[in-house]
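Spelled out from the first residue to the last, the chains are:
Protein chains: 2
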Amino acid sequence: MSILVVGSVALDSLKTPFGKREEALGGSATFFSMAASFFNKVNIVATVGKDFPKRYINLFEEKSIGTEGLQLTNGKTFRWKGWYGYDLNTAHTIYTHLNVFKDFRPEVPADLKDSEYVFLANIDPDLQLSVLKQVSRPKLVACDSMNYWIETKKKSLMKLLKHVDLFLLNDGEARQLTGETNLLTAARKVLSYGPKAVVVKKGEHGVIYFSRSSHFISPAYLLETVRDPTGAGDTFAGGMIGYLSTAKNIDSRSIRKSIIYGSILASFTVEGFSVDRLTEISMADIRRRYEHFKKITRF
Amino acid sequence: MSILVVGSVALDSLKTPFGKREEALGGSATFFSMAASFFNKVNIVATVGKDFPKRYINLFEEKSIGTEGLQLTNGKTFRWKGWYGYDLNTAHTIYTHLNVFKDFRPEVPADLKDSEYVFLANIDPDLQLSVLKQVSRPKLVACDSMNYWIETKKKSLMKLLKHVDLFLLNDGEARQLTGETNLLTAARKVLSYGPKAVVVKKGEHGVIYFSRSSHFISPAYLLETVRDPTGAGDTFAGGMIGYLSTAKNIDSRSIRKSIIYGSILASFTVEGFSVDRLTEISMADIRRRYEHFKKITRF
Numbered sequence: 010m011s012i013l014v015v016g017s018v019a020l021d022s023l024k025t026p027f028g029k030r031e032e033a034l035g036g037s038a039t040f041f042s043m044a045a046s047f048f049n050k051v052n053i054v055a056t057v058g059k060d061f062p063k064r065y066i067n068l069f070e071e072k073s074i075g076t077e078g079l080q081l082t083n084g085k086t087f088r089w090k091g092w093y094g095y096d097l098n099t100a101h102t103i104y105t106h107l108n109v110f111k112d113f114r115p116e117v118p119a120d121l122k123d124s125e126y127v128f129l130a131n132i133d134p135d136l137q138l139s140v141l142k143q144v145s146r147p148k149l150v151a152c153d154s155m156n157y158w159i160e161t162k163k164k165s166l167m168k169l170l171k172h173v174d175l176f177l178l179n180d181g182e183a184r185q186l187t188g189e190t191n192l193l194t195a196a197r198k199v200l201s202y203g204p205k206a207v208v209v210k211k212g213e214h215g216v217i218y219f220s221r222s223s224h225f226i227s228p229a230y231l232l233e234t235v236r237d238p239t240g241a242g243d244t245f246a247g248g249m250i251g252y253l254s255t256a257k258n259i260d261s262r263s264i265r266k267s268i269i270y271g272s273i274l275a276s277f278t279v280e281g282f283s284v285d286r287l288t289e290i291s292m293a294d295i296r297r298r299y300e301h302f303k304k305i306t307r308f
Numbered sequence: 010m011s012i013l014v015v016g017s018v019a020l021d022s023l024k025t026p027f028g029k030r031e032e033a034l035g036g037s038a039t040f041f042s043m044a045a046s047f048f049n050k051v052n053i054v055a056t057v058g059k060d061f062p063k064r065y066i067n068l069f070e071e072k073s074i075g076t077e078g079l080q081l082t083n084g085k086t087f088r089w090k091g092w093y094g095y096d097l098n099t100a101h102t103i104y105t106h107l108n109v110f111k112d113f114r115p116e117v118p119a120d121l122k123d124s125e126y127v128f129l130a131n132i133d134p135d136l137q138l139s140v141l142k143q144v145s146r147p148k149l150v151a152c153d154s155m156n157y158w159i160e161t162k163k164k165s166l167m168k169l170l171k172h173v174d175l176f177l178l179n180d181g182e183a184r185q186l187t188g189e190t191n192l193l194t195a196a197r198k199v200l201s202y203g204p205k206a207v208v209v210k211k212g213e214h215g216v217i218y219f220s221r222s223s224h225f226i227s228p229a230y231l232l233e234t235v236r237d238p239t240g241a242g243d244t245f246a247g248g249m250i251g252y253l254s255t256a257k258n259i260d261s262r263s264i265r266k267s268i269i270y271g272s273i274l275a276s277f278t279v280e281g282f283s284v285d286r287l288t289e290i291s292m293a294d295i296r297r298r299y300e301h302f303k304k305i306t307r308f
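Going down the list, the sequences are from chains D and V. Heads up, this note's numbering is the position in the first sequence plus 9, with the first residue counted as 1. Heads up, this note's numbering is the position in the second sequence plus 9, with the first residue counted as 1.
If we strip away everything but chain D, and leave its shape as in the complex, we get (with noise of 0.2 angstroms):
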């Protein structure tokens, strides 16, 4: 019953107009399995350097995030460096230094074969399907990308498509990706590519879901405080697919409850810088924050 996630595991410097921070943790699989260990024991596949503090490991190792996929490499672990303006919801790198993400060939550990929930986070489309080779029969697959893969690899993420069931992305990567602007028609067509279903995530605005026979659309959790928005989008994705992990059954009504899991872990994630928050609340805090959504979205 356990999730592999493959992603990234960085140290982000970042400045925001309500704060900054100097090699926080971070990176995609970071957010994801720390949002995921609320509801399930998540495994890391991944790379860091020789760099990487030992306290973060630790963290992992409290939040019983299995690290036995976590390469440790020889050179420097994966660096972001960037900055937001006011309007929070457009990231301005300032370098990507990918280090020993360079010659990353991710490793499923013999014992993590048969991880029934996989998520396949934001890295290149051939990394990914190279995880998916590795492992034997998934319960479930969901994927992400982002609008680089799709300028540059675009065949490679095609192809990974057709093997994933959820497939999450942006409101502007689904257009990208499609070439059409109304979102209802992108996701039809994202759809006609493979995957059962789509996530579309439009930030501070909610979701959107898609598949063959249902839709839902949900507003984002309304925040006071937002400080560093980075991490939300694989947030979402932990939080979700830590709770389906959870469900007995994989149907409309389980996907909507985990897309607003979703949403609820990721509204604390951008309260805080990097993982924060996420090492602050308890599940207590999330059913609250959840019932509280319900409350304020019932009609």
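Each statement offered as a hint is correct.
When chains are identical, the list treats them as one kind, so a pair holds in a single copy or across two.
Keeping only pairs whose Cα atoms sit at most 20 angstroms apart, straight-line, the calculated EDC-like set for lysine to aspartate or glutamate is:
id : residue 1 : residue 2
1  : K198      : E233
2  : K29       : E233
3  : K85       : E32
4  : K72       : E289
5  : K198      : E160
6  : K304      : D260
No lab work stands behind these hints: they were computed from the structure. Treat the numbers as computed from the prediction; the structure is a model and nothing was measured.
Based on the hints, put chain V in the right spot on chain D.
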């Protein structure tokens, strides 16, 4: 139990990527009353010039929209010309000819002074105030405004806000009026200006409702076809106030329902040019879309 609206009745010439129209029926009071007329009797207080096409008066009459307060003035009808690019959220104005609206002094006919539901659509806040003085004891007063009045007549607008129950404005206006970026903070600040409740309209991203005692957030109904967004906000208000005027009590439950009806009505308006769609649909179409909306947002 009838509804009174003061606002503009106009002739719109516009172009969107999906077509164009010359001298189509437009104006805030028009969209509002066309939408509200599905629920209740509405009366318009506005002015048009001698050139106003008789067929539009006939259309109001067909919809049982009262035109007793629609002054026929020597001169030309208010005209707006504009266009939208693929970003249908932004209207580009080519010209605004106030014409007979320049010297408009709204007069509420004697037998409408006891109207129970009053909507002060977007016009000079001094005129909105003068209408308020002419009605006796309305059960609900709602108003709209725009960036222009916030800029040029903020004092009058602030005075007006002390006398309204419900203030509808869009997200940009909420930020402009309060100087707050965060919508939750902005909405709270707007409440401190006097209105009992505020509705922040986010266009295709839905609606946020705030009062001292409760809040409600909703996505917009998702559409595959958006041809002309003109009048969406006023249609929303018409659907909202229209439904509320039929509710036994104005409480959290009826307000939430009214907001969904507002969104549904607006979703029809933007599917076509001018008021086209509002003349085609029936209450059954509205109810069907309302039920569908419920289905795709429930969790």
